[in-house]
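Student: Sequence:
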Amino acid sequence: MNNRPELPPEIARRRTFAIISHPDAGKTTLTEKFLLYGGAIQMAGQVRAKGEARRTRSDFMKMEQDRGISVSASAMSFDFDGYRFNLVDTPGHSDFSEDTYRTLTAVDAAIMVIDGAKGVESQTRKLFEVCRLRDLPILTFCNKMDRESRDTFEIIDEIQENLAIDVAPASWPIGVGRDFIGCYDMLNDRLELMDRADRNKVAESIEINGLDDPGLSDHVPAELLEKLREEVEMARELLPAFDRNAFLEGHMTPIWFGSAINSFGVRELMNGIRSYGPPPQPQSTAERQIAPEEVPVTGFVFKVQANMDPKHRDRVAFVRMASGHFERGMKLTHVRSKKSIAVSNPVLFLAADRELAEEAWAGDIIGIPNHGQLRIGDALTEGEPLRFTGIPSFAPELLQSVRATDPMKAKHLEKALMQFAEEGAAKVFKPMIGSGFIVGVVGALQFEVLASRIELEYGIPVRFEASQFTSARWVSGPRDKVEAFANANKGHMAQDHDGDLVFMTRLQWDIDRIERDHPELKLTATKEMMV
Numbered sequence: 002m003n004n005r006p007e008l009p010p011e012i013a014r015r016r017t018f019a020i021i022s023h024p025d026a027g028k029t030t031l032t033e034k035f036l037l038y039g040g041a042i043q044m045a046g047q048v049r050a051k052g053e054a055r056r057t058r059s060d061f062m063k064m065e066q067d068r069g070i071s072v073s074a075s076a077m078s079f080d081f082d083g084y085r086f087n088l089v090d091t092p093g094h095s096d097f098s099e100d101t102y103r104t105l106t107a108v109d110a111a112i113m114v115i116d117g118a119k120g121v122e123s124q125t126r127k128l129f130e131v132c133r134l135r136d137l138p139i140l141t142f143c144n145k146m147d148r149e150s151r152d153t154f155e156i157i158d159e160i161q162e163n164l165a166i167d168v169a170p171a172s173w174p175i176g177v178g179r180d181f182i183g184c185y186d187m188l189n190d191r192l193e194l195m196d197r198a199d200r201n202k203v204a205e206s207i208e209i210n211g212l213d214d215p216g217l218s219d220h221v222p223a224e225l226l227e228k229l230r231e232e233v234e235m236a237r238e239l240l241p242a243f244d245r246n247a248f249l250e251g252h253m254t255p256i257w258f259g260s261a262i263n264s265f266g267v268r269e270l271m272n273g274i275r276s277y278g279p280p281p282q283p284q285s286t287a288e289r290q291i292a293p294e295e296v297p298v299t300g301f302v303f304k305v306q307a308n309m310d311p312k313h314r315d316r317v318a319f320v321r322m323a324s325g326h327f328e329r330g331m332k333l334t335h336v337r338s339k340k341s342i343a344v345s346n347p348v349l350f351l352a353a354d355r356e357l358a359e360e361a362w363a364g365d366i367i368g369i370p371n372h373g374q375l376r377i378g379d380a381l382t383e384g385e386p387l388r389f390t391g392i393p394s395f396a397p398e399l400l401q402s403v404r405a406t407d408p409m410k411a412k413h414l415e416k417a418l419m420q421f422a423e424e425g426a427a428k429v430f431k432p433m434i435g436s437g438f439i440v441g442v443v444g445a446l447q448f449e450v451l452a453s454r455i456e457l458e459y460g461i462p463v464r465f466e467a468s469q470f471t472s473a474r475w476v477s478g479p480r481d482k483v484e485a486f487a488n489a490n491k492g493h494m495a496q497d498h499d500g501d502l503v504f505m506t507r508l509q510w511d512i513d514r515i516e517r518d519h520p521e522l523k524l525t526a527t528k529e530m531m532v
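Counting in the numbering used here, the sequence shown runs from 2 upward without gaps.
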């Protein structure tokens, strides 16, 4: 980290991060407040608020608004205190984890939101593992302190034990539940008080000199003050002090306490990202590492969203800029097809609102509207043939066959399914024998989302039915051997939307048998999204 050259000021002021959490820990609310403080929205809307005027800004799909959950990862850019924040909100629901895993390849840091009452939950643990694989620096926000929550030391212990990471308190809560009045800022010796009357008001800060400052008693009731002094003294003895290097290497997480819905603790967290968060980091490709300060523009597609505007059959490829200074109208090489693309209408996102991006720097996330040319994993460069690595595609855990209820619409259904496959919303397999398609997803809720989107966006009512297969594996090996194997097992073979061979099976026993009988073939559960 330390021997890297100095970044150009425009790149150095960028912070690109994702928010991860278990469903319902308050991630979407936190995103709203970030936008509120960044001046991007005037009033934060509650997730299930009344009326169109107060729809949550980061959830744009109809199903997300109806259910109050985030289904697709959305990206937002806004300025805060001289820095440019690129925030990627991810779905917390475990049924959409694949979208989230891919999103984490496009960011430099993550904010982990945990619920003060529930602590570390299963989905948080899974997502944390992905961050750990990529050594992403993690900042922790313990939310919902204004409700009954667990003991502060207990929460910190649980994070340290479950996630095997050092936790350094950046703030310390004063009171809990109904008595929660604010936090003591341990990094800057400040008192932060919460205003319960106005949820959209920024909390006030009171400058104090340490915990012995007599001014403290004007703001904090005596019994809470005594407890605070005791706890902070214990915390300073028992817990490590914040060390930025350990944080950037992914070994330590600073933790802030607050209540996103009351706008409390959010600004301190944002200041933490601004002051300590990493600027855009080098990205790995099969050929070499790309440094953000390099002059040639490079970037990769980590997500494709179809029909963001159902009136136009548009598809937007989300591109993480890896290096250089991009300007609107630039011609970039699409490495997979070796064609040159003029990027004339790139967009920046503010949730569902978009504006034309006149320029973008390394670290930014821009959207490129296209008609299906761009896929997940694609590289865009100024001519250099690069392949970005590490964007995973997982084997689906649930398989169902799908049919259009109107047989006349079978052809349209094929087109719709291919779009969703390229978007990464599901795996679509075309069996070698028989008609119809088999759709594979990671979580059951995705079938519902797909059925509702196919009907809403394409006007095709569909039926999902149980499939005889339970798992799918990609097959690779010497060409002649793969062909001979495919011919001998036609009933089990299918192709994915890229035309790659997939072996469909009912039992783990089948997979073991093939690995034993055909050592020259490789069956894999993931396929790297590379050209």
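Don't read these hints as lab results, they were simulated from the structure. Ideal Cβ positions, reconstructed from N, Cα and C, are used throughout, including at glycine. Hints may be right or wrong, so weigh each one.
[Stated by the list, open to error] Pairwise CB distance ranges, derived in the manner of DEER restraints:
| id | residue 1 | residue 2 | range |
| --- | --- | --- | --- |
| 1 | ASN163 | ASN490 | 21 to 29 angstroms |
| 2 | LYS340 | GLU149 | 33 to 41 angstroms |
| 3 | GLN290 | GLY178 | 43 to 51 angstroms |
| 4 | GLU149 | ARG126 | 57 to 65 angstroms |
| 5 | ARG148 | ARG404 | 44 to 52 angstroms |
| 6 | ASN189 | ALA292 | 28 to 36 angstroms |
| 7 | ASP82 | ALA292 | 25 to 33 angstroms |
| 8 | GLU159 | PRO283 | 13 to 21 angstroms |
| 9 | HIS252 | THR390 | 18 to 26 angstroms |
| 10 | ARG135 | ASN490 | 51 to 59 angstroms |
| 11 | GLU398 | ARG514 | 19 to 27 angstroms |
| 12 | MET433 | HIS372 | 45 to 53 angstroms |
| 13 | PRO215 | LEU357 | 50 to 58 angstroms |
| 14 | PHE154 | ARG126 | 19 to 27 angstroms |
[Claimed, not checked] Listed below are the simulated DSBU-like cross-link pairs for lysine-lysine, each with C-alpha atoms no more than 30 angstroms apart in a straight line:
| id | residue 1 | residue 2 |
| --- | --- | --- |
| 15 | LYS431 | LYS412 |
| 16 | LYS491 | LYS339 |
| 17 | LYS491 | LYS431 |
| 18 | LYS228 | LYS339 |
| 19 | LYS228 | LYS119 |
| 20 | LYS340 | LYS228 |
| 21 | LYS412 | LYS491 |
| 22 | LYS416 | LYS491 |
| 23 | LYS340 | LYS416 |
| 24 | LYS127 | LYS412 |
| 25 | LYS431 | LYS410 |
| 26 | LYS482 | LYS523 |
| 27 | LYS340 | LYS412 |
Student: Among the hints numbered above, which are violated by the structure, and what are their numbers in rising order?
Tutor: Those not satisfied are hints 1, 2, 4, 8, 10, 12, 16, 18, 20 and 24.
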